[in-house]
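4 protein chains.
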Amino acid sequence: MKYLVKDISLAAQGNLKIQWAENEMPVLKAIAKEFKAKQPFKNTKIAACLHVTKETAVLAKVLAQGGASVFLCGSNPLSTQDDVAAALAKSGINIYAWRGISNKDYYRCLNLVLDGKPQITIDDGADLISLIHSKRTEALKSIWAGQEETTTGVIRLKAMAKDGALKYPVVAVNDTPTKHMFDNYYGTGQSTLDAVIRATNILLAGKKVVVAGYGYCGSGVAQKARGLGAHVIVTEVDPVKSLRAVMDGFYVAPMREAAKLGDIFITATGDRDVITKKHMAVMKDRAMLANTGHFNVEISIPDLESLSKSHRPVSSAVEEYNLNNGNKIYLLAEGRLVNLAAAEGHPSSVMDMSFADQALTAAWLAKNHSKLSINVHNVPDEIDRRVAKLKLAAMGVKIDILTPEQKKYLASWQEGT
Amino acid sequence: MKYLVKDISLAAQGNLKIQWAENEMPVLKAIAKEFKAKQPFKNTKIAACLHVTKETAVLAKVLAQGGASVFLCGSNPLSTQDDVAAALAKSGINIYAWRGISNKDYYRCLNLVLDGKPQITIDDGADLISLIHSKRTEALKSIWAGQEETTTGVIRLKAMAKDGALKYPVVAVNDTPTKHMFDNYYGTGQSTLDAVIRATNILLAGKKVVVAGYGYCGSGVAQKARGLGAHVIVTEVDPVKSLRAVMDGFYVAPMREAAKLGDIFITATGDRDVITKKHMAVMKDRAMLANTGHFNVEISIPDLESLSKSHRPVSSAVEEYNLNNGNKIYLLAEGRLVNLAAAEGHPSSVMDMSFADQALTAAWLAKNHSKLSINVHNVPDEIDRRVAKLKLAAMGVKIDILTPEQKKYLASWQEGT
Amino acid sequence: MKYLVKDISLAAQGNLKIQWAENEMPVLKAIAKEFKAKQPFKNTKIAACLHVTKETAVLAKVLAQGGASVFLCGSNPLSTQDDVAAALAKSGINIYAWRGISNKDYYRCLNLVLDGKPQITIDDGADLISLIHSKRTEALKSIWAGQEETTTGVIRLKAMAKDGALKYPVVAVNDTPTKHMFDNYYGTGQSTLDAVIRATNILLAGKKVVVAGYGYCGSGVAQKARGLGAHVIVTEVDPVKSLRAVMDGFYVAPMREAAKLGDIFITATGDRDVITKKHMAVMKDRAMLANTGHFNVEISIPDLESLSKSHRPVSSAVEEYNLNNGNKIYLLAEGRLVNLAAAEGHPSSVMDMSFADQALTAAWLAKNHSKLSINVHNVPDEIDRRVAKLKLAAMGVKIDILTPEQKKYLASWQEGT
Amino acid sequence: MKYLVKDISLAAQGNLKIQWAENEMPVLKAIAKEFKAKQPFKNTKIAACLHVTKETAVLAKVLAQGGASVFLCGSNPLSTQDDVAAALAKSGINIYAWRGISNKDYYRCLNLVLDGKPQITIDDGADLISLIHSKRTEALKSIWAGQEETTTGVIRLKAMAKDGALKYPVVAVNDTPTKHMFDNYYGTGQSTLDAVIRATNILLAGKKVVVAGYGYCGSGVAQKARGLGAHVIVTEVDPVKSLRAVMDGFYVAPMREAAKLGDIFITATGDRDVITKKHMAVMKDRAMLANTGHFNVEISIPDLESLSKSHRPVSSAVEEYNLNNGNKIYLLAEGRLVNLAAAEGHPSSVMDMSFADQALTAAWLAKNHSKLSINVHNVPDEIDRRVAKLKLAAMGVKIDILTPEQKKYLASWQEGT
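Residue numbers (the working numbering), protein chains in the order written: chain A, 1 to 417; chain B, 1 to 417; chain C, 1 to 417; chain D, 1 to 417.
The set of hints was computed from the structure by calculation and includes no laboratory data. Some hints here could point you the wrong way.
[Claimed, not checked] Cut-off 25 Å, straight-line C-alpha distance, at most; resulting in silico cross-link-like pairs (PhoX-like, lysine-lysine): (1) C:260 x D:284; (2) A:278 x B:407; (3) C:45 x C:167; (4) A:398 x B:278; (5) C:277 x D:407; (6) C:2 x C:61; (7) C:260 x A:389; (8) C:278 x C:309.
In isolation and in its complexed conformation, chain A is listed as follows (with noise of 0.2 Å):
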């Protein structure tokens, strides 16, 4: 089966959008360029479990263009564009995804990419790597390495490797800074608030927004919140993390506290249970919960349904909760991930960065796969390097050049006052 698309007639639609990201992703561009020429990935299968958007689309297309066999399928129910998913169907790509995905086609769809039999494996969230090590081991036969985009994810593999359960290297392209400092950061930061308002249309001036988690993630929506007005309180459980918080000039409490002064609830910590039924009892009326961390367990969405009488939907990404004590809880987006499932995720000159990453990670492990030990490894410094530079000079943007001089002071320890 070549695919698996909600409506195949999307296509033309779908190139649009796609394009519209291409001119967003010059450092793809760039890359694609390269590939072109030197076909990195002849006779390489590539096999990836992303948000099925336009800017993976851009990803897919590139790797393609390295000469990859590629097999796409979705990373999140709510998080696939359609009629992106129906361009990639028709331009080739071996893609099974649609948006509003069952939990069993959710599986059905990752197991059909393993069919593809890959050497290289993407994740984001380590969902197709933890099917291999649990139900399709026997694909672990073909694969060289794998790559992981996200913070959930890494923290997922490193669990596995500690346990002595990782059976193939895996690159945590996340941990990367032009990964993680501005994906996750910048990304994040404008996505979910974007996300948040187009599902909502709530005006954040003045508003008290709770944050949870005050990582790359959570510091970038909290800045973000600020930027806009918003007075912002931060919830975390690591001491240097909340220390920095309250110094960026954060209230900074526990979410028993911040529970009951929030007007906005923003989850982003990679951890489950962070706002529970203890929490919503002395929420406000009218709260808002949303999550933009990577799985929908931050919120638990059974200690609401607990306290409530009923719910009914008032928008197509706004679920109103009645509670037994009179008052309304708002859910966005099913407590998913609310940048990907009620706006269009992360902007595409971030993702730029992001993909950059993962097509020159992946032609490194073309390369280089069996120097690798079985562990969780960085991305080389110098495709780091690499993308920085390609992204600045696509900006425009010109910096300052060592002079032999300077690189011997900063080697010299002689030196002195």
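Got chain A; can you put chains B, C and D on it based on the hints?
Below, chains B, C and D without anything else, positioned relative to chain A:
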């Protein structure tokens, strides 16, 4: 010789300052209590080459309360607070430092400190350790380990380690999060601008401020300058840092272009010759130059002199250079780190964390030095977390705690979409 | 004819939206309660030419609850929300509006509204009042007074008054603090950027955003764009506003220079020909143009067409122009006010204040119109203060109250140094 | 008597300061050139009661260059810079002022200034004009008109006018946009925090700063405090200003609640008893109190004394109060305007505009005083625009100019949708 200070009669005034600092340093206060009880430095001599400020005085006294004999000299000719030095001398610290010290006397004082035969060295810029490795190698006999406070020093030490020149283990206190993420970022950010304003009484709103370097120090200065209304231009040599500056909304340009635009220039790179003749020649009339990096080599003062027909002081911290081209350039604090030379250095509350890291690291070294390889080491994680927790407690900030289920979730890799 | 809408079957969906807005508009809710009891508009007909959004629907219903017969048409061809219009039609409002209306039908609808023989007119841009003064002068007979919502309309009305052409008193609702300091600044700030992001999914961080005009609207856009990480360039014609922009840390330049620098241009001036041929000719490839001023004359579309060999839509709100010079320029929302055409207009919570001003002004006019001279009047201070107090109460914000001694001090002039 | 100053030998040092200020005041420099040529103050005596700073010195000299005999006294006991006063005395200005003046001497100096029989009075806080209207009514004979620099003074003058007590026309220079939008907002914002930092060397990042009053001064302080990383709490009595503070992202609360939260309190209200016994009693240990309003009545010092068992100075600008409840409270600069008493007042570049308004207003009054009614008048618009244009030119900022078509469009009311 117990001490060499400018004027011992300033001790009372110095004590008032030290008390003020102590009140702002609750983490060190908590550590002092523990040290008094446990005496971690019994029979231990500690040599410290640090900016002799009221905050350093608090550290020195805490070490002494832990049983140490402390030998202290300054780490910069312009940063000693003479009243504080007097108070320390009176309190029994072996101190050799005064403001405006000559280069020759500077090294005489370093040598006096080494005459104490220390087991632990604490440096800010690696001058003491350099001296030990060059002209005072006999001091190596008694030394267990060293500690380094600043980025510049760590760069020098890593260069030494790389060259195989390092002779004893050193802990890079600068590199621990509770130090460089706070002191370098928040501390330098505020204190540098504070110093520029004290020296010039200039309004930052509407001014073009060029910040050279976008590391922790430079980005802190850039953010706070914007927070005061300046239009900030960033220069950098590193592509990833450059991109972050762009994404943070700053105008990034090479110094040759920035030189024409700036009203005020602040260097924070850790490298030499950041602002040279070719930049000064194209600057606007009345441009102001300040350095907040460790050494006075970032702005080339020889170049400035070679372009000038005369110069004169116009206030205690500002030298007016009359250029041959008819323009004036104002050099602040002789190009030495402006926050210490033209203001009071970092606020006590941020040094509380840096020096808590120093104090706890010293106690840890006293116990564990024999297990360490001869290399540059990180501060143990538990020290970093402890400092953050103590600080939060002192500020009255409460944070969340992971439940057992949340910890388990973070350690697991089987749960997914 | 009771109504002319696109599709009456959309009423249920429209009602959901209106309910959502009502919940965000507590000040109007409080006023509705009073109006129901006091019936200030008994036997009164009100003609309103406003953007037909969910917020306007709430206003229309509040006026109706106060006893008024309401006649409503749209104030812009692209701003009507068809589901909301359907819901209003069903609820008994006389409404004539649909999205994408032709110019001819637009004026037909204005005429239908006047056929209702209103005593009070409410305008957003002064189109209704202009029509009355030109082709529908017989309508003047029944009219007591008018109200104007926006800066552009007030400029037109003051020009009319200056020319002696104005025939009945009008209240400049736009000019009252609780309107223009909030709706124009916070509302336009967020909703304009929201619209740009919805239309293009662009990342603002690192982009050069040119904002034309630094009045309440423009400065709001500039501040929020910076809050999202953009590098903002401001163009202005007024020297005092220009200076404020400089002091607020923005780069201020004439449009001829800004045109070369910008990635995104947003006009908010209230004037015509802000961006013309000479600017477009020097723009970068892929520049984006949006207008958030009242009329679609700020960006010269005829000029854009004259420079282009072709154009095509690339999404619902973006038209791609292929210039003869090989570049592309993207025009958003046909140059009409982008926040209403490409997003949902101002958030309800800010329209709550603007429309509370409208509702209370209408009630005040119903009582006091005969005492007013034929001129442009301010909203009475007590209305402004009442709206602010109701809003604070709805947000749960408490403030201080002057003691008698403090009031006396402010009124005295004898006490001094 | 030509002068009464602390120490005439400080004149050389004062001159250096005045030169520094002159270089930062290009608008006044341009006006000086014109005044020298046109001599607008030939045979005119001007009495000024202003903070005797280097910027005031530049104004005084510009007036003198325009032909005026200038008589100058201080407008606050703690704000005189003695070296500047000495330099002015040497240059021929009739000056009576020194830092730390007693209340009795303060009024003696005001009387000396009036002995000069001025035609124009310039006030900062209305002390001179109050004296004239109470004990020196004979001075009214020679007086044409007055000018007032600050909000507090304008409030007093309007109260006088309302009571029918005002005896000559006064121009509220404070109220013109190029004055209060810049000096009060940007100037007070920076200089107040500068003073707090100089006095205490506190880190603002992470501190809770309570700002009382959200007018131009208070909102400037709040914005800059946030810009330095503080968590800002605003107290207000005006509902519209309160709402703006909320929408700007600040936490707004009554002082009785804010008193429990704050680390630092800054009053900027123009009213008395903003912080009293009931607030001090619930403050945290080591709370710091500063005032940036005109008079030292905003913080009740009698209340602070009544709660304390003792107090002592801990530095030149900080008094430590030991409360009966065991806490300490630190009062900065005796509760007088902290930016002048603990730092150098507003930066020269912003006073350039305020004092250009004063200089041009004085010249305009010299010509037009006979046409003015006895009331509080605005600065003529053309003066305001001229100051803004001169400032932009001095900063090298270019702006757009309206075309004839654009002007016509703004004046027309027939064009519409």
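Checked hints:
no.: 1; hint: C:260 x D:284; in the structure: violated, 54 Å
no.: 2; hint: A:278 x B:407; in the structure: holds, 19 Å
no.: 3; hint: C:45 x C:167; in the structure: holds, 19 Å
no.: 4; hint: A:398 x B:278; in the structure: holds, 18 Å
no.: 5; hint: C:277 x D:407; in the structure: holds, 19 Å
no.: 6; hint: C:2 x C:61; in the structure: holds, 16 Å
no.: 7; hint: C:260 x A:389; in the structure: holds, 23 Å
no.: 8; hint: C:278 x C:309; in the structure: holds, 17 Å
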